[in-house]
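Read top to bottom, the protein sequences are chains A and B. All the letters of the first sequence, read from the start, carry residue numbers 1 to 416 under the working numbering. All the letters of the second sequence, read from the start, carry residue numbers 1 to 416 under the working numbering.
Some hints here could point you the wrong way.
One copy or any two copies: either way a pair holds, since identical chains are not told apart in the list.
[As the list claims (entries may be wrong)] No farther apart than 20 Å at their CA atoms in a straight line, the calculated lysine to any residue pairs in the SDA-like style are these: (1) Lys87 / Gln367; (2) Lys330 / Tyr340; (3) Lys412 / His253; (4) Lys87 / Gly59; (5) Lys194 / Tyr183; (6) Lys87 / Val410; (7) Lys9 / Lys194; (8) Lys48 / Asp104; (9) Lys144 / Pro169; (10) Lys48 / Arg11; (11) Lys328 / Asp179.
By construction, these hints were calculated from the structure, which means they are not laboratory data.
Protein chains: 2
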Amino acid sequence: MHKIYEYPKSRAAFEHACQVIPSGIYGHQGPAEGCYIPIEAFPLYSQKAQGSYLWDLDGNRFIDYMCAYGPNVLGYNDPDVDAAAAKQRAISDCTTLPNPIMIDFADLLVDTVACADWAFFAKNGNDATSGAVMCARAHTHRKKIVFFKGYYHGVSPWTQKIDYSGIIPEDVVNNIYVDWNDYDQLAQAFEDNKDEIAAVIAQPYMHGNFADNIFPAQDFWAKVRKLCDDTGTVLIVDDVRAGFRMDLAGSDHYFGFKADLICFCKALANGYNVSAICGQKHMMNAMSSLAFTGSYWMSAVPFAAGIACIEKMKRLNCPQLLIDQGTKLKDGLIETARKYEYDLHVTGIPSLFYLRIADDPTLMLHQEWIAECVKRGIFFTNHHNHFINASLSDEDIKETIEIADEAFSVIKDRHS
Amino acid sequence: MHKIYEYPKSRAAFEHACQVIPSGIYGHQGPAEGCYIPIEAFPLYSQKAQGSYLWDLDGNRFIDYMCAYGPNVLGYNDPDVDAAAAKQRAISDCTTLPNPIMIDFADLLVDTVACADWAFFAKNGNDATSGAVMCARAHTHRKKIVFFKGYYHGVSPWTQKIDYSGIIPEDVVNNIYVDWNDYDQLAQAFEDNKDEIAAVIAQPYMHGNFADNIFPAQDFWAKVRKLCDDTGTVLIVDDVRAGFRMDLAGSDHYFGFKADLICFCKALANGYNVSAICGQKHMMNAMSSLAFTGSYWMSAVPFAAGIACIEKMKRLNCPQLLIDQGTKLKDGLIETARKYEYDLHVTGIPSLFYLRIADDPTLMLHQEWIAECVKRGIFFTNHHNHFINASLSDEDIKETIEIADEAFSVIKDRHS
């Protein structure tokens, strides 16, 4: 039996935080988001991280399958990335004029990403998706944007829901929402909004929260690409979450099509702060026409980290490595669940797997199982996809499956 | 006579960049923005930076008065800030759960900034201004935002101009623009939009580009504050550019009033990538209600850098130091200009001075003078305010004034 973790220091820190930080912890890393149910099962503040491990403030060690919600792709504190970043830091980071390492990074992305003739750098995934939408509007002189229901494209008002706090109708009035994989509905939306649609924005497959992840239907992307071509619409792939965990050439390349614009962040530099828009040649003038920048957007250190990260991902053949490790884990978890007569659904690409115990549609049983895993040192969350990083060992996977087994056993006993 | 700089490597890098990066260099750091006229006088890519100096790609050394457009407040590669950041990096940076150093940073800002009962962290100055506007809308359930003409609050569509590329009417339909320092006009705007104004957003004084900077008129801020109080409107101070160069307690404190929300970036962490919204207690629930976050927003290294930066700024009494150095420079430049019978206007707080030779309303003469300074190693720009950093020495100021003298002499000869 594994030790059951407790979190007194984490709780105390959170209580203090609530006095001076709105929500104590905001966004997806905080308890308000719904990833951490029941909250008692989860730590909230961390002490340190290394490789595939995270230690909470009480010193409990976790095998971390959230990977900072994506940025940790090689392992925390990767020595090659950190060395490249430290070398650049000794020279310069955020200065009045950019360092040419920015050009080196753009060259590398153009070499690596199939649809990329150019690269534009920013700081948030949200900067990339917002810049891509502005670029599409500049290019087409149209207003409307098509989204697939279940999407997440960041936090700017244009991408939020009308009933969210601080959002006004004008923010979302040009949004059109269609069902994922429903080509007929998409074609009808184009028919109903002829010559008004600037862009379709989509993740490479549907990896929303609170639902099984769904791959594109046969020929779906080919048909969407053709519809965009026929109507002069910009096809934007939001690869912020899946990028470099499916295909180093871009997740559009994995699915056999070519985006006009593709957005990267997270896995781009192993946690160093950079995001990117890459695009085809015909989009470059529109991108150049935007007034779009920020104080830190040309800082040199994240470019050095990004170069080292992509080069190492290439050496490791990273997406395949992550998919292979994810497949071992997935197979082991499904088999273990079956021992206890649970039907565990594991969806999405295995490097970005989504978990759901399908036996209970209320998801309560699933939450109970996740809680028992977390309290024993496996950092899963309930309703968000998970992430594999390259430092995750076979030993880690074995330990994960052992703990998952114990957690299944606990909930089986509880409900027998 | 100083050597005249040439920039062949810088030019070659820029030409290469134009193949793979939209505009080669975008935003305020690039030639498209209009800060660098004539472009031939300016380098475009840098090699390294240290203290108050920047070296371009051709190895030319500049005394850098742009300071990365603000982030360099202590001097490039400040050893205290860099040591604190490196120490945190060895432990953790971007991880699944935040490190409690986030709480320490929030505590420090609450202790330091007069209006701050809490702090919320993001990555861009633009994240801070956008979050503040969303927070104001959430708090008031109103839509409209008042801007002062000449403002700059970042690059999100809501803060751009209707005729900018990629911007649609809905982005700016709730914006109201009034003249800086015209209280009657502001009061009329409130009268015309009764119960519809969510926020007034303003820099602490008018430090726009292409125009002399203008301090608030007598009692202006007191009257604006009262108008906001009387109407339940949120007063947002955008201290992204001026923050910590006027008053460590916030530029609102410098002018004797208290913002509801204040936005920081740039000088907050000496170039490490972090921005912040601070606010009064009554705004905390609205801020908590937003769906607003990003992949890197809780990264620990910039918090460590921010703490070290603010603590060092306190030890140095930084705003006063920067104002004192800026005043020496300003006095020296004005006196030198007078020797050549030029009327050099130096406006804004001396730590953030704006330059204009007032003898030629076309600004051509001013641009010629700036060009002659730059080509001799003083990194000024034409139509943007400048920045002082704490490592700028009396020797640097002396050298600056000598070069400015030579530059005045050159243009005087040219136009005699």
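Tested hints:
no. : hint            : in the structure
1   : Lys87 / Gln367  : neither (44 Å within a copy, 37 Å between copies)
2   : Lys330 / Tyr340 : within (16 Å within a copy, 78 Å between copies)
3   : Lys412 / His253 : neither (43 Å within a copy, 61 Å between copies)
4   : Lys87 / Gly59   : between (31 Å within a copy, 19 Å between copies)
5   : Lys194 / Tyr183 : within (16 Å within a copy, 46 Å between copies)
6   : Lys87 / Val410  : neither (49 Å within a copy, 41 Å between copies)
7   : Lys9 / Lys194   : neither (58 Å within a copy, 49 Å between copies)
8   : Lys48 / Asp104  : between (32 Å within a copy, 16 Å between copies)
9   : Lys144 / Pro169 : both (14 Å within a copy, 12 Å between copies)
10  : Lys48 / Arg11   : within (17 Å within a copy, 44 Å between copies)
11  : Lys328 / Asp179 : neither (32 Å within a copy, 64 Å between copies)
Violated hints, listed in ascending order, are 1, 3, 6, 7 and 11; each of the other numbered hints is respected by the structure.
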